[in-house]
Structure formats: structure tokens, C-alpha cells
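Peer 1: With the hints as extra help, turn the sequences into a complete structure.
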Amino acid sequence: MTASLLSKAFLPPKITEFERSYVQRINRIAAWFFAAHIPVFALIAFLNKTNPALAVALTTAVMVGPLIALKTLDNPRHVAIIFGVTAMAMGGLLVHFGQGPVQIEMHFYFFALIAFAAVYGNPAVIYVAAVTVALHHLLLWIWLPRSVFNYDASIWVVAVHAAFVVLESIASVFIARSFFDNVIGLEQIISERTSELHSRNRDIQLILDNVGQGFLTVDRHGQMSREHSRSVVEWFGPFAPGTALASYLGVHDGALGNELGAAWQRVEEGVMPVDVAVSRLPTRLRLGERHMEIVYKPIANQQSAVDRFVVMISDITQRVERERLEAEQKETAMLVNHMIGTNSAFIDQIKNNPALGRGQRETLIMIYQRFIGNAPKKRSIFDTSPSTSDDDLRVAATLNDV
Amino acid sequence: MTVSPNTEAAEGLPIAIASTSAREKRWLRSFLQWLPLIVWFIAIAGVMSALAITHWMALPHPDKRDNQLAAGLGELLADRPGWAAVHALYTDCQCSQRVVDHLVNSKRPDALREVVLLVGHDPDLQARLQKKGMQVVSVDAETLFQRFGIEGAPLFMFVDPKHAVRYVGGYTRRKQGPEIEDLAIMREIRGGSEVADLPLFGCAVSERLKELADPMALKR
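Sequence order for the protein chains is A and B.
So for the first sequence, the working numbering puts the first residue at 1; every next one is plus one.
So for the second sequence, the working numbering puts the first residue at 1001; every next one is plus one.
Derived by calculation from the structure, the hints in this document are not laboratory data.
Hints may contain errors.
Short, incomplete list of chain B residues facing chain A, as computed with Cβ under 10 Å [what the hints assert, rightly or not]:
#, residue
1, Phe1041
2, Leu1077
3, Arg1080
4, Cys1095
Below, computed lysine to aspartate or glutamate pairings styled on DMTMM-like, alpha-carbon distance capped at 25 Å [unchecked claim]:
#, chain 1, residue 1, chain 2, residue 2
5, B, Lys1219, A, Asp203
6, A, Lys297, A, Asp203
7, A, Lys49, B, Glu1024
To list a few chain B residues with every Cβ distance to chain A over 10 Å, as calculated [as the list claims (entries may be wrong)]:
#, residue
8, Glu1024
9, Gln1033
10, Ala1045
11, Leu1051
12, Gln1094
13, His1102
14, Arg1128
15, Leu1183
16, Met1186
17, Glu1207
Computed from a predicted model, the values in this text were never measured in an experiment.
For every residue, glycine included, the Cβ atom is placed at its ideal position computed from N, Cα and C.
Peer 2: Written out as C-alpha cells, the structure reads:
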């Protein structure tokens, strides 16, 4: 709680280039603003008959401080603090040289300048200004002999002044800190957010670079966005955001390019539901000897309208090869089955052929069990019939008889 | 037998000395940068305080039971009986000039003797007061203090027909207060009420008070 309050009450020590430049500019403006007080105060003193020459001398003396600070201090925040002191000192001079019909109103200067200090976006400037006034009163308190001067007559006036100064200082500090956080410190905030975003992008890119699939996104017009996985470039060559997906893939598979270009028009036109239009997009691509599969996933925006698509491309060469082999095996099995007829006929031949001896029968049964099989686990890879058919059960019984 | 030196200590010591020296130099440089600003701050704080003394501190004035004041006023007003208002004013004081403007421009009560104890020389101001029917008595600061015990101005005193001092104090509740209350004070006292003394905001007149209220002689 205390740490949080302190972190809000004081600025972080690091000064960004933007803040440095901003505070230096405000310091220069403040220097001209306070320098202009010299002739103005002289005029006020002249009008109120309060010694214009003394006004010039004292106002110039007050201006010496910020001029020294501007020349010698490297940290613009420190110079700003000196301007906080200067503001209050100028207020003191104004109240003195403005003694006249509007002397009470001259006190408004203190409150106006404390509010002005908020433009620095630095609570410390306001603290120092308020403390300067308090210190000045304290000094007076210590200095003056109580035996001579009457404190009681005006102490409550000072207390009311102080209450308003404290109240305004709190509000000004809040505004100054908000100004710092949301305007002056914006560069810092953006830098932190950008860094965070870069970090997340790096993580995502790491995944995209190491995943075995091609990932990319396209807009509703079928044009590719910037994001893509490394596999896309490895498979299809240099990637140019803004290129039509159909053109990019069409370089390698002209037929697919044409088909995709034509099919994407239906997606773009939006005449039919997106899911239906997407289902009509081509999903197979030849890349030399390789077979690629394309999956399109529509992405809805915040208004629930589909305006982007994730395209996933997978190398399915092995799967296609396996599917081809499986198909060939099925065809062979069908052929063998056709050649040897049904299992019942084969077993009958083994059982009833008088030319076969017992050893031959056993050999044939072993071959049958090995390559065609009677139990579900021992079934032939050529056999595509259900494993628990009546035929199988009958064959198993016959084999037991043998 | 050879003893190998403690190389860590041997190498670390000069580094530590160099580090301390660099730190001291930085501190000294920083101090020298801030020194003129510290001097400036103390100086302007002093000046501001000096200027503000009479701004928010009420000046001392004699009490209405003060014998010196009663004797001085008794002597001043001995020639004529009746209610009397006595104004101690200082020509170099802004607050006094404001009171003069008020005295000249306001409708003064009937059957009231008004005497102005005027410190300083200002014939125009004196003429304006006399034209309004006020008795102007020129006094120097020392005499004002010696005879009446008064060190600051503007000070208002109200004396009843028996020459008893009924009021001694300022004209306003605040420094440069918007309302000068002498007429109201007199009305209330003459109506039989007691009135609390207002604080005296204004200028030091006596040398002693000037020394205290304006130690840097900025207003002299």
C-alpha cells in the first residue's frame, strides 16, 4: 500500500528522451514567463506606489535562481523544481508590490501557479512549491518575537490559506501524475507494450518456424497476409504479402491455381454461405512428386462476419502412398480370393482329396493358417470379409476335425 | 620459502580507493552545482519573510487601559469635551493613505471631534483632512511613541466625553480588508456596546518597530 502510494507520489527515476525534451521546453517557456515578471511587477509597484526600483531588483534576484539552474543542472526535472520555488517567490513579491485595492486578489497568483506546475507532470515540483510557502511561514514564525507581534489575530487566516494550498496541491499532484502517465510517459508505455508484443510475436514465430505444416492467412479477397510459417516458404518459395493465394500456389500447380482462383470468387461474392463456398475450394495440390492437402478455416471478426481465413497446408505424401498401397493390397486380396474361391471349397479340397497324405494336409492347413487363417488374429491380409462370418466358424470346426 | 602475495587484496585495494575517490568527486561536483542554488533559496526565503512580516502579522499597539495613552489623549483633547475620534496615520504608509481616503470620502458622524495625529510631511493630504473639518496634529515618530506609546499606523482610538479610551485598534478585520469599520465601531460604542479591538495591520512608525518589522530595510 505504502510502496504503491510512493510509486505514484514520485516519478520513476528513468527519464525518457521524450520527457527530457518536453521538460526542457517547458523550462525554457517558464524562464521567459518569469523574466516577463520583471517589467510587470515594476509596473504594478509603480501603480501601487510600492517602489518600482525595488520591484525590479527583487524580481531580478528571484530570476537568478532558475537562470543558474538552467546553466548548471543537467537534469531537467531538477530545473523544474527550481521553477517551483521561483513561482512561489514571485507570488510573495506580487503580494507585496501589489498592496492596494486588489491586494487580496494578488494571493490568487499562488493558487494559479500551483495549478500551472501540473504542466510539468512532476508531483515533486508541486511539493517543492507548497513546501517553499510553508517554510517561508515557518521562518517568519521562528524569526518574529512573540512579545511584539500579535499572532492570534491572523493565525487562522494562515491556517485557511494553508488548507487551500494543501487541497489544491493534492489535486494538482493527481493531475500532474496522470499527465505524466498518460501523456509524457506514453512513449515509455508504448515501448513496454511494443516489447511485450514483440516477445509474443517471437514466440508465435518460433512455433510457426518449427511446425511441420504450412500456415498462412488470407483475407476475404484471397490475398495473403504477412503471417506465415517457415514451411510455406520452404515448399512454395519467396512469400510476398498481398499476393493472391491462387497465384502463389498456381506457380507450382497450375490446375489448382486456376481452380482455386475460380472457387475463391464464390467466397468473395458471398452469395452462398461461407462454409458451403469454402467446401468447394480445392484441397489437394501437387508439388512435384509430393502431395499436399489444403484446409481452409474461416475466422469471424468481432461483428461475427468472416473476413479472414487460416490456410493449413500439410505434406500428405506418405499418407497418399500408404493409401495407394492399401488399395493395391485390397485389389490383390480380392484377386486371390477370386482365384481360390470360397474358404469352404478350399477346405473341402484339403479334406477330401485322397491324393494328399496327412503330412501334406497339415502343411496345407499350416499354409492356410499362415496366409489365410481361421481365427481373427491369424486372418490373411488378403481377407476382407467379416472376421466372425459363419464361413469362418465352419472352417475352424473343420480344421479341428482334421 | 617464498610467500605468494594475496593478489586479490593487492589488486582490490587500489580499485576500492579509486572507486571511493570517484564517488567523492561526483558528490563534490553535485554539491558545487547545488551550492549557488541553496544560497539563492536561503536568500529569497529571507527576503520573502521580511516582506511578509507586516503582511500577516498584526502590529503591536497600546491597550485601551494603557496609562501613557490615556494621559497623551487626555492632554490632546483637554480643550474640548465630547466624543472624540483620534486617527494615528503615517504619510508613507499605504494603509494610512487608504484610511485618509475613507475619512475624506465618508459621511462623518455629527457632534464628533476628529483629530489626526499625522507622522510625515504631506501638505496635500493634510489639506484634504482639514477641509473635511478634521484637526491635524503633525508629530514625529519619536513623539508619537513618547507621548502616546504608539509605534504603528493606522491606529484608531475612540474617546468618550469623560476622556476614557473606549477603543484602540485597527480599522479592518484583515490586512487591506475591504471594509473600514471606524463608523460602525463608533456607532456601537455610542449605543452602549463594548467592541473588541481589531488587529492593527499597517506600517511600523517607530524606529524600534521598523527594525523588527523590516530587518532588511526593504521598505524604508
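Peer 1: All hints are to be evaluated individually against the structure, with a verdict given for each.
Peer 2: Hint-by-hint comparison with the structure:
1. Residue-level restraint check for B:Phe1041 holds (minimum Cβ-Cβ distance to chain A is 6 Å; threshold 10 Å).
2. The interface hint given for B:Leu1077 is broken, as the beta carbon of that residue sits about 27 Å from the closest beta carbon of chain A, more than 10 Å.
3. A distance limit of 10 Å between C-beta atoms decides the matter here; for B:Arg1080 the minimum to chain A is near 33 Å, and the interface restraint is violated.
4. The beta carbon of B:Cys1095 comes within 8 Å of a beta carbon in chain A, closer than 10 Å, and the hint placing it at the interface holds.
5. With a CA separation close to 74 Å, the supplied pair B:Lys1219 and A:Asp203 exceeds the 25 Å bound.
6. A C-alpha spacing of about 22 Å is found between A:Lys297 and A:Asp203, which places the hinted pair at or below 25 Å, so the restraint holds.
7. The suggested pairing of A:Lys49 with B:Glu1024 is violated, with an alpha-carbon distance near 51 Å, which exceeds 25 Å.
8. Distance to chain A confirms B:Glu1024 as a non-interface residue, since its nearest Cβ pair spans about 19 Å, more than 10 Å.
9. Distance check on B:Gln1033: its Cβ comes as close as 5 Å (rounded) to a Cβ of chain A, failing to clear the 10 Å threshold; non-interface status is violated.
10. Against chain A, the non-interface label of B:Ala1045 is violated: not every CB pair exceeds 10 Å, the least being about 6 Å.
11. Against chain A, the non-interface label of B:Leu1051 is violated: not every CB pair exceeds 10 Å, the least being about 4 Å.
12. Its closest Cβ contact with chain A, about 5 Å, brings B:Gln1094 to no more than 10 Å, contrary to its assignment away from the interface.
13. Even its closest Cβ contact with chain A, about 12 Å, leaves B:His1102 beyond 10 Å, as expected for a residue assigned away from the interface.
14. For B:Arg1128, the shortest C-beta to C-beta distance to chain A comes to about 16 Å, beyond the 10 Å cut-off, and the non-interface label holds.
15. Distance check on B:Leu1183: its Cβ is at least 19 Å (rounded) from any Cβ of chain A, clearing the 10 Å threshold; non-interface status holds.
16. Distance check for B:Met1186 against chain A: the nearest CB is about 21 Å away, which clears 10 Å, and the non-interface claim stands.
17. Residue-level check passed: B:Glu1207 sits 14 Å from the nearest beta carbon of chain A, beyond 10 Å.
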